[in-house]
Amino acid sequence: TQLLEQSPQFLSIQEGENLTVYCNSSSVFSSLQWYRQEPGEGPVLLVTVVTGGEVKKLKRLTFQFGDARKDSSLHITAAQPGDTGLYLCAGVSMGSNYKLTFGKGTLLTVNP
Amino acid sequence: KAGVTQTPRYLIKTRGQQVTLSCSPISGHRSVSWYQQTPGQGLQFLFEYFSETQRNKGNFPGRFSGRQFSNSRSEMNVSTLELGDSALYLCASSLDNIGVEQFFGPGTRLTVL
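These protein sequence lines are chains A and B, in that order.
The working numbering runs 7 ahead of the 1-based position in the first sequence.
The working numbering runs 284 ahead of the 1-based position in the second sequence.
These are calculated hints, taken from the structure and not from any lab test.
Idealized CB from N, CA, C, for every residue including glycine.
Any given hint could be a false lead.
If the Cβ cut is set under 10 angstroms, some of the chain A residues that face chain B in the computed set are [as the list claims (entries may be wrong)]:
{"#": "1", "residue": "18"}
{"#": "2", "residue": "22"}
{"#": "3", "residue": "40"}
{"#": "4", "residue": "42"}
{"#": "5", "residue": "44"}
{"#": "6", "residue": "50"}
{"#": "7", "residue": "51"}
{"#": "8", "residue": "55"}
{"#": "9", "residue": "95"}
{"#": "10", "residue": "97"}
{"#": "11", "residue": "107"}
{"#": "12", "residue": "109"}
{"#": "13", "residue": "111"}
Assemble the whole structure, with the sequences as input and the hints as a guide.
This is how it looks when you write it as structure tokens:
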């Protein structure tokens, strides 16, 4: 069974601070996705990283895929209250595009 | 373009009953996946359908089943409900497979008493 471990599980910070969320596995994934989920809604895809070592930037969010394609990180610069939510990473299994394995998520609260 | 819709949004059942949840994917999307989300286990993959065929299945008991219709709409059924089946059930659609962008619905909140 492929597992994705996310850390930290909970994070509460003040507006303007920087933070990093981690997603680690002992398994190799063909690609990895990051989602944000707000209360009462389904997850919304933020980014997909495919190549080992890849770095993608989305405004204040920076996503990195590890060289070995087993881990990823999400860095937020100057966090804002609107960034509050549950951040989920999900790995697409090697050899199959039909199954996503999700981490349990990092619940981020940004206080004004 | 309308997003993924799920009905009902909330459902309360008692142990032993069965339940059917419905999902309408985005127009043109042929892949529909189902997930169970609980605080303890997070998001867990149930199954994925493409063109009315189940392509992959997660590690859930046979009480959980699904199907997809010719218009890509999908239903999932849970029989003989247990307290532990209380969860948010999410449906996601994509054009052809999970490796590309998935769009999630708002979910159905199932409570089993």
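Status of the hints after comparison with the structure:
| no. | hint | verdict |
| --- | --- | --- |
| 1 | 18 | violated (16 angstroms) |
| 2 | 22 | violated (27 angstroms) |
| 3 | 40 | holds (8 angstroms) |
| 4 | 42 | holds (8 angstroms) |
| 5 | 44 | holds (8 angstroms) |
| 6 | 50 | holds (5 angstroms) |
| 7 | 51 | holds (7 angstroms) |
| 8 | 55 | holds (7 angstroms) |
| 9 | 95 | holds (7 angstroms) |
| 10 | 97 | holds (8 angstroms) |
| 11 | 107 | holds (5 angstroms) |
| 12 | 109 | holds (4 angstroms) |
| 13 | 111 | holds (4 angstroms) |
In summary, the structure is inconsistent with hints 1, 2 from the numbered list given earlier, while agreeing with the others.
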